[in-house]
Amino acid sequence: MDGADEITIELIKNGTESQDILTLGLMPGMERIGIKFRENKVFVPQVLMSAKAVSTAMIHLKPYFASGAAKQKGTFIIGTVLGDLHDIGKNLVAMMVEGNGYKVIDLGTDVSSDKFIAALKENPDATIGLSALLTTTMVNMESITKEIKTVLPGTLVTVGGAPINSEFCNKIGSDNYSPDPQGVVEFLNKKIA
Amino acid sequence: MSELLQKLAECIEFGKINKAAPYPPQMKGWMVPMKSQSN
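Residue numbers (the numbering used here), protein chains in the order written: chain A, 1 to 193; chain B, 1 to 39.
I should point out that these hints are in silico values taken from the structure, not numbers from a laboratory. Among these hints, one or two may not hold up.
[Said to hold, decoys possible] So, partial list: chain B residues that the calculated Cβ filter (under 7 Å) puts toward chain A:
no., residue
1, L4
2, L5
3, K7
4, L8
[As the list claims (entries may be wrong)] Pairwise CB distance ranges, derived in the manner of DEER restraints:
no., chain 1, residue 1, chain 2, residue 2, range
5, A, K41, B, Y23, 17 to 25 Å
6, B, E3, A, K146, 47 to 55 Å
7, A, L152, B, S2, 37 to 45 Å
8, B, S2, A, E147, 20 to 28 Å
Heads up, the beta-carbon is just placed ideally off N, CA and C, and yes, glycines get one too.
Model the full assembly from the supplied sequences, consistent with the hints where possible.
This is how it looks when you write it as structure tokens:
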């Protein structure tokens, strides 16, 4: 039985629009797994398999994005904040957001505000995602959010991670807190797409 | 065409990366019946 790789190739050969492959094939599948993950019906390994299936299909679609034949919904810049080297949650969010039709710029871990601002200057319409696992590093979200909003005031910032909650999000002046990757996708869809 | 897109969405949902990837249990309905092992 064919998988995402073979089916994507077949769809392209059949003349299906790359935009349709993204919006009617990849995105609904990714949305469904995101909802199941939120509801604890599936776990990290299943999400990773789905993300891998998306990235396999995306290899065939990349030329169409480059040529402009297919458009992504927006740009999302993500990184784990300064002082924090944990990246599992950040990677899950990045994969889920990419699978839902966004261009993702992953700055990695231990990212300073300067790096976020530099990436933002190259992609002024992008939304920023900040991740932290530790209570000792979550405080850096505040300074990074403030610096981003000082330099580029209209920028949307979403935060997440084990020690984060809505109260902290409001306190640091961030625009959104999500306890799961699907929440980030829903925030982006609401604000950007 | 839409059937193929639907199949693609299911492959994403159940993590069926390519032909060589193992069948996720939820996709068993898609399986080609195996040949009988008995001779």
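Checked hints:
1. L4: 6 Å, holds
2. L5: 4 Å, holds
3. K7: For B/K7, the interface hint holds, since the closest Cβ of chain A sits about 6 Å away, which is under 7 Å.
4. L8: 4 Å, holds
5. A/K41 to B/Y23: 17 to 25 Å: Since the Cβ atoms of A/K41 and B/Y23 sit about 19 Å apart, the hinted range of 17 to 25 Å holds.
6. B/E3 to A/K146: 47 to 55 Å: 51 Å, holds
7. A/L152 to B/S2: 37 to 45 Å: Holds: the Cβ-Cβ distance is about 41 Å, inside 37 to 45 Å.
8. B/S2 to A/E147: 20 to 28 Å: 47 Å, violated
Going through the hint list in order, the structure does not satisfy hint 8, though it satisfies all others.
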